[in-house]
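Peer 1: Take a look at the letters that make up each chain.
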Amino acid sequence: EDQVTQSPEALRLQEGESSSLNCSYTVSGLRGLFWYRQDPGKGPEFLFTLYSAGEEKEKERLKATLTKKESFLHITAPKPEDSATYLCAVQATGGETSGSRLTFGEGTQLTVNP
Amino acid sequence: NAGVTQTPKFQVLKTGQSMTLQCAQDMNHNSMYWYRQDPGMGLRLIYYSASEGTTDKGEVPNGYNVSRLNKREFSLRLESAAPSQTSVYFCASRETGAGSPQHFGDGTRLSIL
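In the order they appear, the protein sequences are chains A and B. Be aware that the first sequence starts at 333, since it is given in our numbering, and climbs by one per residue. Be aware that the second sequence starts at 40, since it is given in our numbering, and climbs by one per residue.
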């Protein structure tokens, strides 16, 4: 059974204080690892897809990295508008026969104080 | 560009009442999904439709039914609502292709008394 564990559950940062969020996963074979951002009262918004160990993707102050067992979302010099819940999800190989299902972690709630 | 649209946004039901949650996407995606999100449980898949004309059970299908009305629309029905179905329900769609992400609507907040 595919499993995704995110840590920490909650993180408070001061504006400009860089940090990282962790996503540990167990999957029979990884087809893709996805990062989403979710604001209160909204649906998850897609950020990145990572496919293989060693891959990195960047968007503004966010950089996602992937190893064989975990992914990190690095936040550099965060701003208050980066406050949100960040979700990680995995899709297993062979998933096309089961609708390309995703298994989600519970998320990390990030608060950036001015 | 609307993306994924869910209606209604909020609903309160009494135990035993029935209700249909509506979802429509305008991105010409083949696959559509229904999730529920509960505190401490994350997003859990209820049902999905890999393509028009097909539907399959996800992780937590009991108490729900779905209909893929056409390529754009995928509805979720609660036949006899129970308090345990109080949750936020999200619909998502995805284009075919390895690694294609799912795109989500803004959810329906459902309370069952």
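Each hint should be verified, as a subset may be incorrect.
[What the hints assert, rightly or not] Residues from chain A shown here face chain B by an in silico Cβ test under 10 angstroms; the list is partial:
| no. | residue |
| --- | --- |
| 1 | Arg363 |
| 2 | Leu382 |
| 3 | Leu394 |
| 4 | Thr397 |
| 5 | Thr399 |
| 6 | Phe404 |
| 7 | Gly439 |
| 8 | Thr443 |
Source of the hints: derived by calculation from the structure; they are not laboratory data. Even glycine gets a Cβ: it sits at the ideal position worked out from N, Cα and C.
Peer 1: Taking the numbered hints from earlier one at a time, note which ones the structure violates and give those numbers from smallest to largest.
Peer 2: 3, 4, 5, 6 and 8
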